[in-house]
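S.K.: Start from the sequences and build out the full structure, keeping to the hints where you can.
Those sequence lines, one after another, are chains A and B.
Counting from 1, one number per residue, gives the positions in the first sequence under the working numbering.
Counting from 1, one number per residue, gives the positions in the second sequence under the working numbering.
These aren't lab readings, by the way, just hints derived from the structure by calculation.
Any given hint could turn out to be false.
What the hints assert, rightly or not - Chain B is faced by these chain A residues, among others (derived, beta-carbon under 7 Å):
1. Pro-91
2. Lys-186
3. Arg-280
4. Glu-303
5. Ala-312
Note that beta-carbon positions come from the ideal geometry of N, C-alpha and C, so glycine has one too.
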Amino acid sequence: MPEPTDIRSGLVCVGLNYKTTPVEVRERLAFPEAQVPAAVEQVRGLPGFEESVVLSTCNRVELYATHGLPSGKDGHAALRQYLIERFELQPEHAEALVLYNLDSAEAARHLFRVVSGLDSMVLGETEIFGQVKAAYKVALDTGTTSRALNKLFQQAFTVGKKVRNETTIQRGSTSVGSVAVDLAEKVHDLKECRVMLVGAGEMSRTCAQSLLSRGAKSIIVSNRSYDKAVELATEMKGRAMKFDEWEHALHEVDVIISSTSAPHFVIKPEQIDQVMRKRRWEPLLIIDIAVPRDVDPAVNNIEGVYLYDIDALQAIADEGRRERLRQLASCERIIEEQLEKYGFLKSPGSGGLKLA
Amino acid sequence: MPASQQLLLAATLIFVGALVQALLALKAGAWKQARAQFFLMALGFALQTGFIYLRGEEVRQCPIKSLPDILVFIAWSIVLLYFLVGPAFRLSLLGVFTAPLVTLMQVMAFANGFAPYKPKGPINALVELHIALALISYAAFALACITGVMYLVQERMLKRHQIGGLFYQLPPIQGLAHAIQRLVRLGLLLLSIALGISFALHLPMTKTGHVVFAWIVWGLYAVISLLMWKHFTSPRKTAWLAVIGFILPFISLWIVTHA
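M.R.: In structure tokens:
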């Protein structure tokens, strides 16, 4: 039976993320999903190590482990060496490798921040919560976690939920794509939402993908180059339409995303007025990403039509980011309170948290 | 103060509390379909029910004969429909908009005072059903009015690009527009049944003021419903009709009970 590990001294986290490491290095050090079970076993199998969890996403690679080595530095060094050997880094790359080495309360704080979305590229994003859960489940299923990491990760999930429930860190949109989704959700039931792309620019493609990923029902793509429309429609499992036909389908859609390179207004009030009568006043969201604008601003005066140009979308996204930043202090305070509650801020040996 | 009115006072304070709690949560940006809000509304409803029961015992009949009692009965029906309609139509924040109206109606009831009833002959179940259904239909129109206000608020924020706290909590405007239509139809159906019963009771229309007003209200909402059904007006105008339309049944109650 191993000696009980005090999680405050035996916990380590070694990792890299989008802040420390450029993508060309991160992609070389990422664990393919299928190889994570083997990786957690390899880490747990390192001399002196007892438990392990490997978190590998597009923005971070982190190894969480408990060990019985004399010091945290030994744990960090062993994990660093493991990464170098696992990914067969050349000496010059190994030397240039920048990792953060955290232990005890710092490691727990880091995990709590990661789960809460505070360490994410998009502050407050929620996807990371599921990614950490999945990483923990792999380790749990593989049998490389025991009482210490089980407890730590359960605490982390509790903290993550608490931060999201007690603050508005995840509220608001921080990108043009997510603003488009939020607006569409407040106009229609997204599952019934039919989208039309007029022009196939990169930004409109991003918006359309965001809408589809959140459940939009269908998509029509119309572009001056019909081949490009077909290509994009195929990619998005939608329908392509010739550019001289898109006006006839306006009444069939609930969201129009326009991004043509036309030097004049492509969508005019008189067209939309007709469309609204045909639609029996069902609301219509128009997102105009083009510069110069595709949609006459007077369209917004028509009842049931909600027009947002790129500046309006950007202003909402900026406000969303500012709002999240305003919430940051509250989130950090919750995390500190929880670290205190779970005993991470006490000195080792002062009682509690002896975990086998 | 009789026990029944103590219950009603407590219910009124609870609804005020529900409103304050919701406003504070919204201001702090921490509104999460608050369970506290739902619990407070449920508690207020239980107290309202207690009032109606005790008041019925006091006056030895269904307490829907005087204006204060009618106001409380409609307020009770509004909360009842809120529980039935809110989750079904996924109308988050309906409680926030319902609580002020219910509070206002109960304060008005208190301001009028609860007088004793004249002794009544044998109870005719059909008459009681006729009145109760008519009042519940008014509650449906009241909820259509509240939903109309929600629509107009959300519509204004969308038009003016005011994407703030309340925006994220209110339902999609398309859903609100459909909810208004369904509530108007529900109210119209209930009122139609109530008026159908009045035929069965052979109530002479010219001698019963409340039936005349009920027919006027029915006519108004039939027109509103037709406009909605045939899409003659935009959802925004429909929402305005639902909001303004409720003024008529509200005033008619006043006139009928004071005539």
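S.K.: Just pull the numbers of the violated hints for me, sorted ascending.
M.R.: Those not satisfied come down to hint 1.
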